[in-house]
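Heads up: the sequence lines are chains A and B, in that order. Counting with our numbering, you get residues 1 to 486 for the letters of the first sequence. Counting with our numbering, you get residues 1 to 120 for the letters of the second sequence.
Simulated from the structure, these hints should not be mistaken for laboratory data. All C-beta atoms, glycine included, are put in the ideal place defined by N, C-alpha and C. Any given hint could be a false lead.
Partial pick of chain B residues on the chain A-facing surface, computed with a CB cut under 8 Å [to be verified]:
| hint | residue |
| --- | --- |
| 1 | H24 |
| 2 | A49 |
| 3 | E117 |
Chain A regions said to be covered by chain B (calculated; three or more residues, Cβ under 8 Å) [what the hints assert, rightly or not]:
| hint | stretch |
| --- | --- |
| 4 | 38-50 |
| 5 | 297-304 |
| 6 | 313-324 |
| 7 | 345-356 |
Given next are the chains, with one letter for each unit.
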Amino acid sequence: MKTDVLVVGSGAGGTVTAVTLAEAGRDVVVVEEGRRFTPQEYGTTPTDAMSRLFRARGMNPIMGSVPVAYAEGCVVGGSTEINSGFWSRPPAELLAHWKYEFNIAEASESDLVEHYAWAERALGVGPLSAPWPPSTAVFDRGLRAMGWKGGETPRAAPGCANSNTCAQGCARGAKQGMSLALLPRAEASGARILSGWRVERLLRDGARIRGVRARRVHGADAGRRVEIHAEHVFVCGGPTETPALLRRSGITHGVGNTLGIHPYLKVVARFPEIIDADKSVMPLLQVKEFAPDITMGGAYFTPGHLAVMLNENPATELRDRDARRRMAAYYVGVRGTGRGSVRPSWVGDGLPRIHYWMSREDVTNLSRGFAHMCRLMLAAGAEVIYPATFGLAPVRSEADARVWLERDLPWADLALQTVHVFSSCPIGERPERCAADSFGRVRGVTGLAINDASMLPDSPGVNPQATIMAMARRNALAFLARTRSG
Amino acid sequence: MIDAVLIPSRRFLRAIVDGLIPEHASETPSQRAGALDYTAGFVREQLQAMPLVLQVLLACGLTVFSAITWLRWLRGIGALTTERRQAWMHGWAYGRVTLARKLFRPLRSLAALAYFERIG
Chain A
1 MKTDVLVVGS GAGGTVTAVT LAEAGRDVVV VEEGRRFTPQ EYGTTPTDAM
51 SRLFRARGMN PIMGSVPVAY AEGCVVGGST EINSGFWSRP PAELLAHWKY
101 EFNIAEASES DLVEHYAWAE RALGVGPLSA PWPPSTAVFD RGLRAMGWKG
151 GETPRAAPGC ANSNTCAQGC ARGAKQGMSL ALLPRAEASG ARILSGWRVE
201 RLLRDGARIR GVRARRVHGA DAGRRVEIHA EHVFVCGGPT ETPALLRRSG
251 ITHGVGNTLG IHPYLKVVAR FPEIIDADKS VMPLLQVKEF APDITMGGAY
301 FTPGHLAVML NENPATELRD RDARRRMAAY YVGVRGTGRG SVRPSWVGDG
351 LPRIHYWMSR EDVTNLSRGF AHMCRLMLAA GAEVIYPATF GLAPVRSEAD
401 ARVWLERDLP WADLALQTVH VFSSCPIGER PERCAADSFG RVRGVTGLAI
451 NDASMLPDSP GVNPQATIMA MARRNALAFL ARTRSG
Chain B
1 MIDAVLIPSR RFLRAIVDGL IPEHASETPS QRAGALDYTA GFVREQLQAM
51 PLVLQVLLAC GLTVFSAITW LRWLRGIGAL TTERRQAWMH GWAYGRVTLA
101 RKLFRPLRSL AALAYFERIG
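Construct the entire structure; sequences and hints are all you get.
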């Protein structure tokens, strides 16, 4: 097979690349490892969704000083199919900092604003159109009692009907994952989507990238291999698969050495009133008082996920259905100042080895964030807060909470998760630390660019989807301008 | 092929899950049996999806666990009485030994997720 532009991966970065180039009249092929589903096939149980939609069924944790559970999508649309659609533009100071640190051209707030606006229009980003569910209302009560900065985070989910199936794929088609919002547009402009093909290696002629070799991973012909030749290849496999593919293909400079994450710690709060958190979308507010170092917000809540959180300590309330109806889950997230790495598998299982070494600052921020979250929950009227960390006693008073303003949580038993991973192939004009130039062109080869979360130079401190989409569109338009002019 | 060596049997995992998640008065025996079967199957499939290196580490840990269980009780985990199995598992999953807790943390998390999704 031959094409002009080959896009590897159909997540936020890959799809924006494909739609931008296809609508400009370029011949585009998108190769995606995961399968394609319709909204009617989404919304199954969380355990079923893990097997169908998550890479490695969600079982490839980030190892290092503290293991971190990590979930990313492996489906047409990538992680946008299983996230909650939260949408945050990063603060202008952060973009200015990136420009200074990495010398990135044309990436200031004023450069990116049109691209953020484009993505927001495409995805229908806005607040929840229905009344807030109880898990959000109690959070708001606490936020107002504390007098902290914060509020509702907009989402790419117009018409959200509170079905609480974001992580299983939105069966109502309200959440605007890439498979629903933008890929059909790309296809209408002629892009071809090949799902169920895993790209194993980039094909090279010396320093020239001329395509990929892919293997069929689904269907009756699983195992079949093909070569797809292209004039230009955009690798958008996500923050772990992109560096793994580049390294497998012999491209190692600045690749996979600077992985960043937002580590999250979860808590469960029990209130006097009925919350029924499993019957509505997760709490929609975020606390910005301590941003960008510490953020707080709502966590996904189902009977199974609640059990995982409470099960960190043997909890009798796990079996108390009345108590469970009065619970909701929240998270404390930190910007992540540690560093990690990604390396391809060397044992043939196809899963990259992902490591992240927490910094002392990360743990301190998690501890302070935990204390603040408990204070907010108590101010909201919570009777008790259960930390999802082994050995920590439930928090019932301001004094219990304040302990963690002075002390650090125990490293060894932290139960952390993340869905925000980035910066494994940073872009910029500092060749000694950046894998690619300001527009994603990979150094040392021609015909190859990256355009996904891996390119973010550093932690955005907020949900990265908006920034990935804005930067991807900027890079795709720059590619068009460059290749048009020859 | 490698899975057959590294991943514990469904029967073994069912005993582990039974030890990690005590029964409750609100569940009928048939509900309990159905949930345990489902959970053991789910846990097994999840473990098969793990990176090979982690599968090897888990297999080593569970081999040590099984050996110590035999030495202590002169029978396997599946042959212990329910009360003894639950107390034994509790000691490993929530005890003082950090390595033992780390060994059982993925198992108890997966078990809790599947069991309570099933039971509701």
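For each hint, the structure was consulted:
no.	hint	result
1	H24	holds (5 Å)
2	A49	holds (4 Å)
3	E117	holds (4 Å)
4	38-50	holds (count 4)
5	297-304	holds (count 3)
6	313-324	holds (count 5)
7	345-356	holds (count 6)
Of the hints listed earlier, there is not a single one the structure fails to meet.
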